[in-house]
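Given the structure of chain A, go ahead and fit chain B onto it with the hints provided.
Listed below are the residues making up each chain.
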Amino acid sequence: MADVLACLLHRDLLLALRNRSDVGTALLFFIIVTTLFPLGIGAEPALLRAIAPGVIWVAALLSSLLSLGRLFAADHADGTLEQMLLGAAPLGAVVAAKAFAHWLVSGLPLVVIAPLIALQYDLPSSLYGALALSLLLGTPVLSLIGAIGAALTLGLRGGGVLLALLVLPLYVPVLIMGAGGVEMAAAGMGAQGHLLLLGAMLVGAAVFAPWAIAAALRIATE
Amino acid sequence: MTAAGTRWFWYASPQTFYPLAGKMAPAFAIAAVVLAAAGLWVGLFVAPTDAQQGEAYRIIFIHVPAAWMSMFIYVVMAGWAALGLAFNTRLSGMMATALAPTGALFTFIALWTGSLWGKPTWGTYWVWDARLTSELILLFLYLGFMALQAAIDDPRRADRAGALLAIVGVINVPIIYFSVKWWNTLHQGASVSLKSAPTMAATMFAGMILMALAFWMYAIAVTLARVRCIIAERGA
Numbered sequence: 000m001a002d003v004l005a006c007l008l009h010r011d012l013l014l015a016l017r018n019r020s021d022v023g024t025a026l027l028f029f030i031i032v033t034t035l036f037p038l039g040i041g042a043e044p045a046l047l048r049a050i051a052p053g054v055i056w057v058a059a060l061l062s063s064l065l066s067l068g069r070l071f072a073a074d075h076a077d078g079t080l081e082q083m084l085l086g087a088a089p090l091g092a093v094v095a096a097k098a099f100a101h102w103l104v105s106g107l108p109l110v111v112i113a114p115l116i117a118l119q120y121d122l123p124s125s126l127y128g129a130l131a132l133s134l135l136l137g138t139p140v141l142s143l144i145g146a147i148g149a150a151l152t153l154g155l156r157g158g159g160v161l162l163a164l165l166v167l168p169l170y171v172p173v174l175i176m177g178a179g180g181v182e183m184a185a186a187g188m189g190a191q192g193h194l195l196l197l198g199a200m201l202v203g204a205a206v207f208a209p210w211a212i213a214a215a216l217r218i219a220t221e
Numbered sequence: 000m001t002a003a004g005t006r007w008f009w010y011a012s013p014q015t016f017y018p019l020a021g022k023m024a025p026a027f028a029i030a031a032v033v034l035a036a037a038g039l040w041v042g043l044f045v046a047p048t049d050a051q052q053g054e055a056y057r058i059i060f061i062h063v064p065a066a067w068m069s070m071f072i073y074v075v076m077a078g079w080a081a082l083g084l085a086f087n088t089r090l091s092g093m094m095a096t097a098l099a100p101t102g103a104l105f106t107f108i109a110l111w112t113g114s115l116w117g118k119p120t121w122g123t124y125w126v127w128d129a130r131l132t133s134e135l136i137l138l139f140l141y142l143g144f145m146a147l148q149a150a151i152d153d154p155r156r157a158d159r160a161g162a163l164l165a166i167v168g169v170i171n172v173p174i175i176y177f178s179v180k181w182w183n184t185l186h187q188g189a190s191v192s193l194k195s196a197p198t199m200a201a202t203m204f205a206g207m208i209l210m211a212l213a214f215w216m217y218a219i220a221v222t223l224a225r226v227r228c229i230i231a232e233r234g235a
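Taken in order, these protein sequences are the chains called A and B. Residue 138 in numbering that gives the first Met the number 0 sits at position 139 of the first sequence; the count goes up by one each step and never skips. Residue 223 in numbering that gives the first Met the number 0 sits at position 224 of the second sequence; the count goes up by one each step and never skips.
Derived from the structure by calculation, the hints contain no laboratory data. There may be inaccurate statements among the hints.
Only some residues are given here: those of chain A computed to face chain B with a beta carbon under 10 Å [said to hold, decoys possible]:
hint	residue
1	Arg19
2	Ile144
3	Pro168
4	Leu169
5	Val171
6	Pro172
7	Ala208
8	Ile218
9	Ala219
Computed from a predicted structure; not experimentally measured. We put the beta carbon where it would ideally sit given N, CA and C, even for glycine.
Looking at chain A on its own, in the form it has when it is part of the complex (with noise of 0.2 Å):
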């Protein structure tokens, strides 16, 4: 089984590589969206060291929704996906493996370009760590969150807006732990909390998400 996982994992990240312009399209709307706001707002450094946790989670929300429409959909237009529901890998395991390529694509980027963003947010670079490992940790549950959405939303008409729609809510509790750790890393209190909080969703997440999102591409695809 292992194999048949390597070898998902591998071929996703090789479509990425080779259609290099998805990737980067998400990244930079993350980037475009967290330019947005100091022009919208007003580029007071203090204003901007309060919102810099809260835009840049935002921001990261709206860029892991951008790329998720594309998680099953290449995959159902010509036939493959079909095919992974009748293979002899279990569908959790398989749909997992999708899952984690879509993050290491879409989630993990934003990790890393995440101290560029609060650097021109003027935080102070003592919270660089509390928020790249916000992002490390709250990323995943994004992907594994948003792709029972994409399950569900899969080849309906509408089927990006409606998408944001159902995942969006369900976010809310990843944002709020993860721009909250940062914020109280920022009053001194330590994100620890926070950030132990946001491992039990990811691990959660990582243990009923799979056969969620697995029966809701069953239901998508009788």
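Relative to the frame of chain A, chain B by itself:
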């Protein structure tokens, strides 16, 4: 299949449930009207004026039962959804679909009356209180459920996809509630608390319970009427 087993599933078929729902809906509707009349009479004329909030508090006879129903209906909806996925009964999905608009309506009423109460009492229509915020997110969950079902043409797929979403949602509701609560205490923005409300007079409590029962009966009546429409629509 034992005799008891067959009886258990007898009304799970839309054909047999349709006439039963037609008989039950008017009875529940009458009960709703009677209970609402009694509840409004107790609430508006019998219950004493509140010492701190004056007459403005009387909106709780609508607000609190609506808030209770908004959460309760989501759980019932998820329960029907789970039943539908487990037993593959067609009626369960229809019940979940029929419950969603009523739940969304109660959520909206709870938010609306809450803001009307908040203006004279708290001095503002909206505060980012944990309860208000999670109620708003609950409304989004209802609307998401309805939007997903509306976007799917095949009714069986709509039922099953909606069922899965309702179950995912019901697991998330407590997580959302507690995270919003912790977020709220972190921000310290809204210092008003519902806990500071004075202890309630017996007649106020009676009025609220009567209204809650009235809303309950209304929800059942409307859901049964709606499920009849859904059965007729699908020609089942």
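So, going through the hints one by one against the coordinates:
Interface hint status for Arg19/A: violated, as the beta-carbon distance to the closest one in chain B is roughly 31 Å, over 10 Å. A cut of 10 Å between beta carbons decides the hint on Ile144/A: the least distance to chain B is about 8 Å, and the hint holds. Because the closest C-beta pair between Pro168/A and chain B is about 4 Å apart, less than 10 Å, the hint holds. Proximity of Leu169/A to chain B holds as hinted, the smallest CB-CB distance being about 5 Å (cut-off 10 Å).
Taking 10 Å as the C-beta contact cut-off toward chain B, the hint placing Val171/A at the interface holds, the least distance being around 5 Å. The beta carbon of Pro172/A comes within 4 Å of a beta carbon in chain B, closer than 10 Å, and the hint placing it at the interface holds. The criterion of a C-beta within 10 Å of any C-beta in chain B is met by Ala208/A, whose closest approach is roughly 9 Å, and the hint holds. Here the hint on Ile218/A is kept, as its CB sits about 4 Å from the closest CB of chain B, short of 10 Å.
At about 7 Å, the closest approach between the beta carbon of Ala219/A and any beta carbon in chain B falls short of 10 Å, and the interface hint on this residue holds.
This entry does not satisfy hint 1, going by the numbered hints stated previously; all others are met.
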